[in-house]
Amino acid sequence: MENQTLVKEICPTTTQGWVKEGAVLVDVREENEVKQLAFDVPNILHIPLSEFEERFTEIPKDKNVVMVCKSGGRSLRAAGFLVNHGYDKVVNMQHGIIRWAQKGFPTKGDTSSVLGNAQESSCCGSNTPKDASQSCCDSSSENNCC
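The numbers in my numbering rise by one with no breaks, and the one at position 57 of the sequence shown is 1517.
Since the hints were derived computationally from the structure, they do not count as laboratory data. A virtual CB, placed ideally from N, CA and C, is assigned to each residue, including glycine.
Here are the computed lysine-lysine pairs in the PhoX-like style, where the Cα-Cα straight-line distance is at most 20 Å:
id	residue 1	residue 2
1	K1495	K1568
2	K1521	K1549
3	K1480	K1523
4	K1568	K1480
5	K1549	K1468
6	K1549	K1523
7	K1468	K1523
8	K1468	K1521
9	K1495	K1530
10	K1549	K1480
11	K1530	K1568
12	K1468	K1530
13	K1480	K1521
Cβ pair distances, simulated, as ranges:
id	residue 1	residue 2	range
14	G1533	Q1496	14 to 20 Å
15	S1572	S1510	20 to 26 Å
16	K1495	T1517	23 to 29 Å
17	G1546	N1503	16 to 22 Å
With the hints as constraints, model all of the structure from the sequences given.
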(Lines of atoms letter the chains of each structure in order from A and count residues from 1; the text may use other names and numbers.)
(Lines give C-alpha, C1' and ligand atoms only; values in the text may rest on other atoms or scores of the structure.)
Protein backbone atom coordinates (compact mmCIF):
# COMPACT_ATOMS: atom_id res chain seq x y z
CA MET A 1 0.00 0.00 0.00
CA GLU A 2 1.10 3.53 -0.67
CA ASN A 3 1.28 6.18 2.02
CA GLN A 4 -2.16 5.94 3.54
CA THR A 5 -3.03 7.79 6.69
CA LEU A 6 -5.86 6.55 8.83
CA VAL A 7 -8.43 9.14 9.84
CA LYS A 8 -9.10 9.51 13.54
CA GLU A 9 -12.75 9.09 14.44
CA ILE A 10 -14.61 10.57 17.38
CA CYS A 11 -18.14 10.06 18.62
CA PRO A 12 -20.93 12.66 18.81
CA THR A 13 -20.38 13.19 22.54
CA THR A 14 -16.71 13.99 21.99
CA THR A 15 -17.71 16.15 19.03
CA GLN A 16 -19.87 18.20 21.40
CA GLY A 17 -16.74 19.02 23.42
CA TRP A 18 -14.77 19.90 20.30
CA VAL A 19 -17.56 22.24 19.14
CA LYS A 20 -17.54 24.01 22.51
CA GLU A 21 -13.79 24.51 22.07
CA GLY A 22 -14.27 26.11 18.63
CA ALA A 23 -13.92 23.23 16.18
CA VAL A 24 -15.47 23.66 12.75
CA LEU A 25 -18.05 21.06 11.68
CA VAL A 26 -18.07 20.34 7.96
CA ASP A 27 -21.31 18.72 6.82
CA VAL A 28 -20.89 16.88 3.51
CA ARG A 29 -24.53 15.88 3.09
CA GLU A 30 -26.40 17.16 0.06
CA GLU A 31 -28.55 20.31 0.19
CA ASN A 32 -31.88 18.44 0.38
CA GLU A 33 -30.65 16.43 3.39
CA VAL A 34 -29.53 19.55 5.25
CA LYS A 35 -32.88 21.25 4.54
CA GLN A 36 -34.65 18.34 6.28
CA LEU A 37 -32.37 18.23 9.31
CA ALA A 38 -29.28 20.25 10.18
CA PHE A 39 -26.77 20.38 13.01
CA ASP A 40 -27.53 23.38 15.22
CA VAL A 41 -24.00 24.43 16.17
CA PRO A 42 -21.81 27.47 15.61
CA ASN A 43 -18.90 27.19 13.18
CA ILE A 44 -20.47 24.87 10.64
CA LEU A 45 -19.70 24.71 6.94
CA HIS A 46 -21.88 22.92 4.43
CA ILE A 47 -19.88 21.53 1.53
CA PRO A 48 -21.81 18.73 -0.21
CA LEU A 49 -19.67 15.74 -1.14
CA SER A 50 -20.69 16.32 -4.77
CA GLU A 51 -18.84 19.69 -4.63
CA PHE A 52 -16.12 18.70 -2.18
CA GLU A 53 -13.09 18.45 -4.48
CA GLU A 54 -13.81 21.93 -5.86
CA ARG A 55 -14.54 23.57 -2.49
CA PHE A 56 -12.40 21.84 0.15
CA THR A 57 -10.03 24.84 0.33
CA GLU A 58 -12.82 26.74 2.14
CA ILE A 59 -12.02 24.58 5.18
CA PRO A 60 -9.47 26.22 7.48
CA LYS A 61 -6.23 24.31 8.00
CA ASP A 62 -5.46 26.08 11.27
CA LYS A 63 -8.56 24.91 13.20
CA ASN A 64 -9.78 21.56 14.45
CA VAL A 65 -12.23 20.19 11.89
CA VAL A 66 -14.88 17.51 12.43
CA MET A 67 -16.34 15.97 9.29
CA VAL A 68 -20.01 14.93 9.52
CA CYS A 69 -22.75 13.39 7.38
CA LYS A 70 -25.82 11.20 7.92
CA SER A 71 -24.13 8.02 9.18
CA GLY A 72 -20.39 8.66 9.03
CA GLY A 73 -19.41 7.03 5.74
CA ARG A 74 -19.32 9.97 3.35
CA SER A 75 -17.66 12.20 5.94
CA LEU A 76 -14.98 9.55 6.50
CA ARG A 77 -14.17 9.62 2.78
CA ALA A 78 -14.02 13.43 2.83
CA ALA A 79 -11.81 13.40 5.94
CA GLY A 80 -9.42 11.00 4.22
CA PHE A 81 -9.31 13.33 1.23
CA LEU A 82 -8.41 16.24 3.51
CA VAL A 83 -5.70 14.29 5.31
CA ASN A 84 -4.19 13.40 1.94
CA HIS A 85 -4.26 17.12 1.03
CA GLY A 86 -2.28 18.29 4.04
CA TYR A 87 -4.95 18.78 6.70
CA ASP A 88 -3.65 17.47 10.02
CA LYS A 89 -6.39 18.70 12.40
CA VAL A 90 -9.26 16.74 10.89
CA VAL A 91 -11.34 13.93 12.39
CA ASN A 92 -14.50 12.13 11.37
CA MET A 93 -17.60 11.92 13.57
CA GLN A 94 -18.78 8.32 13.76
CA HIS A 95 -22.44 7.48 13.15
CA GLY A 96 -23.31 10.93 11.78
CA ILE A 97 -26.38 12.99 12.46
CA ILE A 98 -28.35 9.80 13.14
CA ARG A 99 -26.49 9.22 16.42
CA TRP A 100 -26.26 12.97 17.09
CA ALA A 101 -30.07 13.17 16.98
CA GLN A 102 -30.46 9.95 19.03
CA LYS A 103 -28.35 11.58 21.74
CA GLY A 104 -30.65 14.61 21.74
CA PHE A 105 -27.92 17.01 20.64
CA PRO A 106 -28.96 20.32 18.97
CA THR A 107 -30.56 20.09 15.53
CA LYS A 108 -32.79 22.21 13.32
CA GLY A 109 -35.55 20.48 11.42
CA ASP A 110 -37.37 17.17 11.49
CA THR A 111 -35.45 14.48 13.39
CA SER A 112 -37.89 11.83 12.17
CA SER A 113 -36.11 12.02 8.82
CA VAL A 114 -33.15 10.22 10.43
CA LEU A 115 -34.63 8.68 13.56
CA GLY A 116 -37.51 6.97 11.80
CA ASN A 117 -35.16 4.29 10.45
CA ALA A 118 -32.60 4.26 13.24
CA GLN A 119 -32.63 1.40 15.67
CA GLU A 120 -32.59 2.28 19.34
CA SER A 121 -29.82 0.77 21.38
CA SER A 122 -29.39 0.42 25.10
CA CYS A 123 -26.61 2.99 25.07
CA CYS A 124 -27.90 5.57 22.67
CA GLY A 125 -31.64 5.34 22.86
CA SER A 126 -33.94 8.18 23.79
CA ASN A 127 -33.48 7.49 27.51
CA THR A 128 -29.74 8.07 27.33
CA PRO A 129 -28.51 10.86 29.60
CA LYS A 130 -27.49 13.93 27.61
CA ASP A 131 -24.67 14.73 30.04
CA ALA A 132 -21.34 13.88 28.42
CA SER A 133 -19.92 12.77 31.77
CA GLN A 134 -22.50 9.97 31.84
CA SER A 135 -21.80 8.97 28.27
CA CYS A 136 -20.76 5.52 27.16
CA CYS A 137 -18.27 7.28 24.94
CA ASP A 138 -14.93 6.21 26.31
CA SER A 139 -12.00 5.79 23.98
CA SER A 140 -10.55 3.13 26.29
CA SER A 141 -13.72 1.10 26.02
CA GLU A 142 -14.39 -1.61 23.47
CA ASN A 143 -17.95 -0.26 23.29
CA ASN A 144 -18.13 2.22 20.42
CA CYS A 145 -21.75 3.09 21.10
CA CYS A 146 -21.68 6.79 21.58
